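With the sequences and hints as input, model every part of the structure.
Here's the letter readout for the chains.
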Amino acid sequence: MSSIVSLRDVHVHFGASRAVDGVSVDVKPGEVLALVGESGSGKTTLIRAVQGLQPVTAGEIIYTSAAGATAGPGRGNRGVQMIFQDPTGALNPRQTIYEIVAEGLRIRKESQNEVERVGRALSRAGLRPPERFFPMYPHQISGGQRQRVVIAGAMVMEPDLLLADEPVASLDASIRGEILALMLELVGDTGLSILVVTHDLGLAWNIADRVAVMYLGRIVELGPTEQILGEPRHPYTRALLSVVPETTRMEQQILVGEIPDSRRVPVACRFHPRCPLLQSGMLPAEVASRCTTEDPGPVDRNAGSAAACWAVT
Amino acid sequence: MNRPVLSVKDLAITYHSASGPVPAVRGVTFDLAAGDSLGLAGESGCGKSTLANALLRLLPDGTITSGQVMIDGRDLFALSPGGLRAVRWTTGAIVFQGALHALNPVQTAGKQVREPMLIHQTVGSEDEARVRSRQLFERVGLPANQLDAYPHQLSGGQRQRVLIAMALACDPRLLIADEPTTALDLMVQAQVLALIAELRRESSLSLIFITHDLSVLTYVADRLAIMYAGKIVESGPSLSVFENATHPYTRALAAAFPTIGDQTSRLAPSGLAGDPPTPGALPAGCPFHPRCPLAEDRCQTAEPVLRKAGQAHRAACVLV
Numbered sequence: 001m002s003s004i005v006s007l008r009d010v011h012v013h014f015g016a017s018r019a020v021d022g023v024s025v026d027v028k029p030g031e032v033l034a035l036v037g038e039s040g041s042g043k044t045t046l047i048r049a050v051q052g053l054q055p056v057t058a059g060e061i062i063y064t065s066a067a068g069a070t071a072g073p074g075r076g077n078r079g080v081q082m083i084f085q086d087p088t089g090a091l092n093p094r095q096t097i098y099e100i101v102a103e104g105l106r107i108r109k110e111s112q113n114e115v116e117r118v119g120r121a122l123s124r125a126g127l128r129p130p131e132r133f134f135p136m137y138p139h140q141i142s143g144g145q146r147q148r149v150v151i152a153g154a155m156v157m158e159p160d161l162l163l164a165d166e167p168v169a170s171l172d173a174s175i176r177g178e179i180l181a182l183m184l185e186l187v188g189d190t191g192l193s194i195l196v197v198t199h200d201l202g203l204a205w206n207i208a209d210r211v212a213v214m215y216l217g218r219i220v221e222l223g224p225t226e227q228i229l230g231e232p233r234h235p236y237t238r239a240l241l242s243v244v245p246e247t248t249r250m251e252q253q254i255l256v257g258e259i260p261d262s263r264r265v266p267v268a269c270r271f272h273p274r275c276p277l278l279q280s281g282m283l284p285a286e287v288a289s290r291c292t293t294e295d296p297g298p299v300d301r302n303a304g305s306a307a308a309c310w311a312v313t
Numbered sequence: 001m002n003r004p005v006l007s008v009k010d011l012a013i014t015y016h017s018a019s020g021p022v023p024a025v026r027g028v029t030f031d032l033a034a035g036d037s038l039g040l041a042g043e044s045g046c047g048k049s050t051l052a053n054a055l056l057r058l059l060p061d062g063t064i065t066s067g068q069v070m071i072d073g074r075d076l077f078a079l080s081p082g083g084l085r086a087v088r089w090t091t092g093a094i095v096f097q098g099a100l101h102a103l104n105p106v107q108t109a110g111k112q113v114r115e116p117m118l119i120h121q122t123v124g125s126e127d128e129a130r131v132r133s134r135q136l137f138e139r140v141g142l143p144a145n146q147l148d149a150y151p152h153q154l155s156g157g158q159r160q161r162v163l164i165a166m167a168l169a170c171d172p173r174l175l176i177a178d179e180p181t182t183a184l185d186l187m188v189q190a191q192v193l194a195l196i197a198e199l200r201r202e203s204s205l206s207l208i209f210i211t212h213d214l215s216v217l218t219y220v221a222d223r224l225a226i227m228y229a230g231k232i233v234e235s236g237p238s239l240s241v242f243e244n245a246t247h248p249y250t251r252a253l254a255a256a257f258p259t260i261g262d263q264t265s266r267l268a269p270s271g272l273a274g275d276p277p278t279p280g281a282l283p284a285g286c287p288f289h290p291r292c293p294l295a296e297d298r299c300q301t302a303e304p305v306l307r308k309a310g311q312a313h314r315a316a317c318v319l320v
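Here the protein sequences come in this chain order: A and B. For the first sequence, the numbering used here begins at 1 and goes up steadily by one. For the second sequence, the numbering used here begins at 1 and goes up steadily by one.
Calculated from the structure, these hints are not laboratory results. As the structure is a prediction and not an experimental result, all values here were calculated from the model. Where hints are given, some of them may not hold.
What the hints assert, rightly or not - A short, non-exhaustive set of chain B residues, derived as facing chain A with CB atoms under 7 Å:
id, residue
1, L272
2, D275
3, P277
What the hints assert, rightly or not - Beyond 10 Å from chain B on every Cβ pair, some chain A residues (computed):
id, residue
4, R8
5, Q51
6, T57
7, A58
8, G59
9, G104
10, R128
11, Q145
12, D165
13, D189
14, E226
15, R264
16, R301
What the hints assert, rightly or not - If you want a taste of the chain A side facing chain B, the calculated C-beta under 7 Å gives, among others:
id, residue
17, S142
18, A181
19, P245
20, E246
21, L255
22, E258
23, P260
Heads up, the beta-carbon is just placed ideally off N, CA and C, and yes, glycines get one too.
Structure follows, in structure tokens:
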């Protein structure tokens, strides 16, 4: 199956720290893939590597445009655009909305039809009529509108792939839904793919086609959203889902401690020191001994769904 | 019913700003009984943090307050500076959101937990303070060797536990927690929420928990109060407010955080058009009417008051 970007055994190490430690996954055309994990899982480092902001230590990131031709690495590739968490920090307070959105075009010296393209990007991001916003400054608009300007600044380049790092984490609850709806609308209207990094499982339920769960530099479970969030198989995914605050819940499995330091990744299965399944003593002895002696390895990027766990068959 | 730990009547708080007075809280009334918990929810600018700070008189100089706050039977606004110091920490203590900024970076965690006990003389000696701080660390789930750690050596979750230990140092009757889990990961949030629930089971600690995430509140709070534009617009038992929200704003807030597995929200994020109002420039009539999907003509002229919407459940909307 074709992909917009294909990650093959990607590693990003900082000295002894293995922030990303063997990730393989494809982003398919027109899909929203959510990369879910806690702080220290390596999800932000990974998305920066896809953007080309972070050199990879080993492995490959292969970009293909929607037409199937090979495009350049992320940084020089206008087909890959990124939006960040905090829209206020991402916007230059001394620039007008027009200048902010036009900046990408100017850097690439694509000055033809600039006004029309800036206007189209703003409309697409829900800021209509766009001319009204052209002369305004970031402080004159609301937080939700600022995130729309950030999205317009990315969309003006007509990307194939939008990278989003916690796009709604700093927004108010009522605005969150509006921005997520906009992201879905962009996928529907332009055939864009989105790789979104989040710790928010509700966001994945709201917009993602597939979910990849990261733990300590690896994807430990991958599959369609309904399956991963409905019938999770990896004990880490199950524990995460059990603590989503909701009124109707499964029995909570609160893991002790936090994600270990990526300089000291546990041997064998990296989750085994915190694994509630292993600690329950319910696993057959031969499985339990594998958990502490053998690495289940990364999940197969070509599998429909996969979990990196010896107890999952 | 026990005497309330906290009784707030018609509390209004107006900040002073260069562009004129800013009414942040516009008349809030509620009681909190010993051992009870109240969840306060709303978006930025709704006045929930101002309200929390006002309950311990932690507001900037020049702020105008009216109404009454009785804390453990004492009139908060009539207290002398000395009386106020005694109320803070020993009667009511607050846990803030940014655990890194709330701690002193050049003092060990243990010293910061001991300090309020020594200042308020709830312990007789430095040695007694050490014993008590060790007990507090155990109670909040921190290993004793972290008493000697500096804040930067601790993780976000551990720092939040230190703040909770500090707040409990003088054995307060009321704990005010202002977005204590917002900056934390899901698993760490669950750990902190479980800790707060356990502390409440062990003692008759009363709790005010503030957040913008309604789903968290249904877990920690017996009662909920939803704030919009400086007022409580809906209040009642947690589950009743969350599941049978009456005010259109509460409904939108509840729908913003989807229930995983609920097909109505699958690939259908739910939001609310428009932005929260600026406290200095509130719309006339019901302040929610410009964003309300059900607004009628009459909503533009008169601001609705809280009315009965069920068993112990009230909402401020003309449709109730």
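Evaluated hints:
Using the Cβ-Cβ criterion of 7 Å, the hint placing L272 (chain B) at the interface with chain A is satisfied: the shortest such distance is roughly 4 Å. Interface hint status for D275 (chain B): upheld, as the beta-carbon distance to the closest one in chain A is roughly 4 Å, under 7 Å. Hint status for P277 (chain B) relative to chain A: violated, with the closest Cβ pair at about 10 Å, above 7 Å. Under the 10 Å C-beta cut-off, the non-interface status given to R8 (chain A) relative to chain B holds; the minimum distance is some 29 Å.
No beta-carbon of chain B is positioned within 10 Å of the beta-carbon of Q51 (chain A); the least distance is around 23 Å. For T57 (chain A), the condition that its CB be more than 10 Å from all CB atoms of chain B holds, with the nearest at approximately 25 Å. At the 10 Å boundary, the C-beta of A58 (chain A) stays outside the reach of chain B, the nearest C-beta of that chain being 28 Å off. With 10 Å as the threshold on Cβ separation, the claim that G59 (chain A) sits away from chain B holds: the shortest Cβ distance comes to roughly 26 Å.
With a least CB separation of 26 Å from chain B, G104 (chain A) remains clear of the 10 Å interface cut-off, as annotated. The non-interface label for R128 (chain A) is consistent with chain B: the shortest C-beta to C-beta separation is roughly 13 Å, beyond 10 Å. At roughly 8 Å, the least C-beta separation between Q145 (chain A) and chain B is not larger than 10 Å, which violates its mark as non-interface. The claim that D165 (chain A) is not at the interface with chain B holds, since no C-beta of that chain comes within 10 Å of its own (minimum 15 Å).
Here D189 (chain A) stays apart from chain B, with its beta-carbon at least about 15 Å from theirs, past the 10 Å limit. For E226 (chain A), the condition that its CB be more than 10 Å from all CB atoms of chain B is violated, with the nearest at approximately 7 Å. Residue placement check: R264 (chain A) keeps its beta carbon more than 10 Å from all beta carbons of chain B (closest about 14 Å). Here R301 (chain A) stays apart from chain B, with its beta-carbon at least about 23 Å from theirs, past the 10 Å limit.
Because the smallest distance between the Cβ of S142 (chain A) and any Cβ of chain B comes to about 4 Å, under 7 Å, the interface hint for this residue holds. At about 5 Å, the closest approach between the beta carbon of A181 (chain A) and any beta carbon in chain B falls short of 7 Å, and the interface hint on this residue holds. With 7 Å as the threshold, the beta carbon of P245 (chain A) comes within range of chain B, its nearest partner Cβ sitting at about 4 Å, so the hint holds. A distance limit of 7 Å between C-beta atoms decides the matter here; for E246 (chain A) the minimum to chain B is near 6 Å, and the interface restraint holds.
Hint on L255 (chain A) holds. Least Cβ distance to chain B is approximately 5 Å, under the 7 Å limit. With a least beta-carbon distance of about 6 Å to chain B, the hint placing E258 (chain A) at the interface is held under the 7 Å criterion. Nearest Cβ of chain B to the Cβ of P260 (chain A): about 11 Å, over the 7 Å cut. The hint is violated.
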